[in-house]
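Enquirer: Spelled out, the chains give:
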Amino acid sequence: MRALTWQGKHDVRVETVPDPQIINPRDAVIRITSTAICGSDLHLYDHTIPGMKGGDILGHEFMGEVVEVGDSNKKLKVGQRVVVPFVIACGDCFFCKKQQFSACDNSNPAETTDASEIAYGYPMAAAFGYSHLTGGYSGGQAEYVRVPYSDVGPLVVPDGIEDDQVLFLSDILPTGWMAAVNCDIEPGDVVAVWGCGPVGLFSIQSALLLGAHRVIAIDHHPHRLELARQLGAEIIDFEQVRVREALAEMTGGIGPDACIDAVGMESHGMTPDNILDHVKVKTFMATERIHALRQVILATRKGGRVSIPGVYGGIADKFPLGALMEKGLTIKSGQTHVQKFMPELLQMILDGKIDTTFLISHHLDLEDAALGYKNFKEKQNEYTKVVLRPGMGRGPLH
Amino acid sequence: MAERITQTRGGDAPLSSANNPDARAAGLDVDVDGDGDELVGRTVSINRPRQELYEFWRDVRNLPLFMENIESVTVLEGGRSHWVVRGPATTQLEWDSEITEDLPGELIAWRSTEDASVRNSGRVEFRDSANGRGTVVTVTVTYEPPAGKLGKAFAKIFRREPKIQARQELRRFKQLMETGELPTAAMSLNAEIEEA
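Top line first, the protein sequences correspond to chains S and R. Each residue of the first sequence is one higher than the one before, starting from 1 at the first, in the working numbering. Each residue of the second sequence is one higher than the one before, starting from 1 at the first, in the working numbering.
Wrong hints could be hidden among the right ones.
[Stated by the list, open to error] Here's a subset of chain S near chain R, in silico, CB distances under 10 Å, partners left out: (1) Gln21; (2) Gly91; (3) Cys93; (4) Phe94; (5) Ser107; (6) Pro109; (7) Glu117.
Source of the hints: derived by calculation from the structure; they are not laboratory data. C-beta atoms are modelled at their ideal positions from N, C-alpha and C, and glycine is treated no differently.
Generate coordinates for the entire structure from the input sequences, incorporating the hints supplied.
Expert: The following block contains the structure:
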């Protein structure tokens with residue numbers, strides 16, 4: 001099959017690789033119909049997350065048609081259309097039973113759990129196409145993908161609905177939704193969202209659906225701010241105004257009740273030696289890179305809530321701990337428990353309450369994936385979301 | 001006995017977490033030098049009934065399924081078994097082991113026989129979680145490494161990172177029992193065979 005493979009920093013290529021097979025009895029093999037490039041894929045593209053190997057197949061936002069199922073999978077049937085969560089979760093462990101799927105204790109193979117066990121105290125769950133720290137599973141920017149525990153993760157979607165309407169159930173819609181849920185929104189609340197990338201935009205949508213009185217969005221790309229405004233947010237261009245002062249003024253001097261950091265930072269490495277190296281070598285950069293989170297914590301009202309869907313991997317310097325404690329803030333964060341939120345979000349899509357198709361700026365053939373990465377990275381204002389479709393036919397750019 | 005294993009000078013913490021654990025206090029039969037390196041303990045919670053976990057472990061032929069260095073375990077007479085362990089390159093280590101304590105559903109303890117080239121002993125305990133979190137499984141193992149060439153080979157397999165070895169094995173046991181399979185990122189059966 002054809003698949004987008006990682007070769008090194010800023011070097012991804014579509015190559016011919018062996019087709020995936022059923023290996024474990026609960027597996028399924030999916031023929032990919034649509035797969036997206038995620039902002040977090042750019043961390044791999046920039047090689048700021050360690051644990052990548054040449055030839056790794058990227059991609060953790062994908063959907064398609066079931067073409068093969070393992071012997072003990074009694075749930076999926078060949079021919080069904082499914083959206084697959086980026087988090088790989090077994091459904092059987094303590095964490096999965098609590099619906100904390102992104103904390104699954106079993107999906108990460110034993111031999112790849114040591115790094116996160118040492119760095120974080122307990123091993124992380126596995127994810128598709130996201131380095132060997134999260135299992136080294138091949139991703140979905142390919143013609144086919146092997147899906148483990150396929151009786152738990154994949155969500156069957158009805159015929160007659162377009163891929164574009166449901167593809168983002170795989171990651172960014174539930175991620176934006178969980179970010180808003182983590183704000184514990186109360187009537188009258190003002191929610192501020194840093195970052196109007198896909199997750200930030202879906203956080204805005206979700207916060208309004210969950211009853212926020214107002215949402216204020218912060219970014220500097222004009223097109224992304226315009227999308228935020230169209231969703232119903234008030235907007236702040238951080239290059240034009242002093243953000244904290246603006247937020248205080250816009251909230252009558254009280255401050256936003258809840259703030260969402262949908263920016264995150266380039267990971268500083270997930271292995272202990274990498275973390276220490278980065279802290280030692282790049283201390284100055286580290287202080288810069290949590291700029292958004294620091295601003296979030298200082299801007300949130302006393303007794304307010306901070307939600308962090310943005311990705312962090314290492315150790316932050318100059319974290320405003322005093323402001324956190326003295327103001328009595330509540331922080332909630334984490335990789336998304338995708339499986340938990342998918343069914344209700346699908347229903348909201350089917351009911352017409354959520355539309356995610358506005359986000360897609362470009363459809364490309366899988367063969368053009370490398371170009372998609374390059375443009376998604378370099379033309380952020382224009383390239384809000386790239387969807388790859390195997391077999392779609394290559395565009396006029398080639 | 002199960003009571004002994006929890007006795008440390010560190011309050012309620014298990015012996016395996018002590019700075020200087022004493023194998024004898026853990027109810028294990030091997031004399032260790034006292035530097036603490038040879039005693040390894042690890043606890044996991046497994047979301048399956050205690051009896052089922054005990055029975056799977058008690059059938060020692062199952063152990064190679066989740067202990068990656070073990071080539072085979074053959075059942076002999078009288079609670080004894082023969083262990084073949086893969087060493088570096090093409091070397092193999094072999095020894096006989098006997099079960100010294102066997103409380104169905106609760107505890108299995110074993111030690112190598114007198115003439116074993118690698119003296120070792122261990123115990124696995126199965127307890128119902130008091131707060132409804134399945135079965136709490138604790139494994140404690142000691143090794144007395146042999147001298148010479150054999151010792152070096154042995155050290156390469158077991159002693160470089162014995163804690164990592166122990167936690168990976170126990171993790172595989174948990175994965176197998178909870179999900180019915182061992183997770184793998186392999187894309188094809190051929191690749192998996194090559195890796196193994």
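Enquirer: Taking the hints in turn, state whether each one holds.
Expert: Right, here's what the structure says about each hint:
Interface restraint check for S/Gln21: the shortest CB-CB distance to chain R comes to about 5 Å, inside 10 Å, so the restraint holds. Because the smallest distance between the Cβ of S/Gly91 and any Cβ of chain R comes to about 8 Å, under 10 Å, the interface hint for this residue holds. Annotation: S/Cys93 was flagged as interfacial toward chain R, and the flag holds, the nearest CB pair being 6 Å apart, inside 10 Å. This hint holds: S/Phe94 has a C-beta 6 Å from the nearest C-beta of chain R, less than the 10 Å allowed.
At about 6 Å, the closest approach between the beta carbon of S/Ser107 and any beta carbon in chain R falls short of 10 Å, and the interface hint on this residue holds. A cut of 10 Å between beta carbons decides the hint on S/Pro109: the least distance to chain R is about 5 Å, and the hint holds. Below 10 Å, beta-carbon pairs count as interface contacts, and S/Glu117 has one with chain R at about 7 Å; its hint therefore holds.
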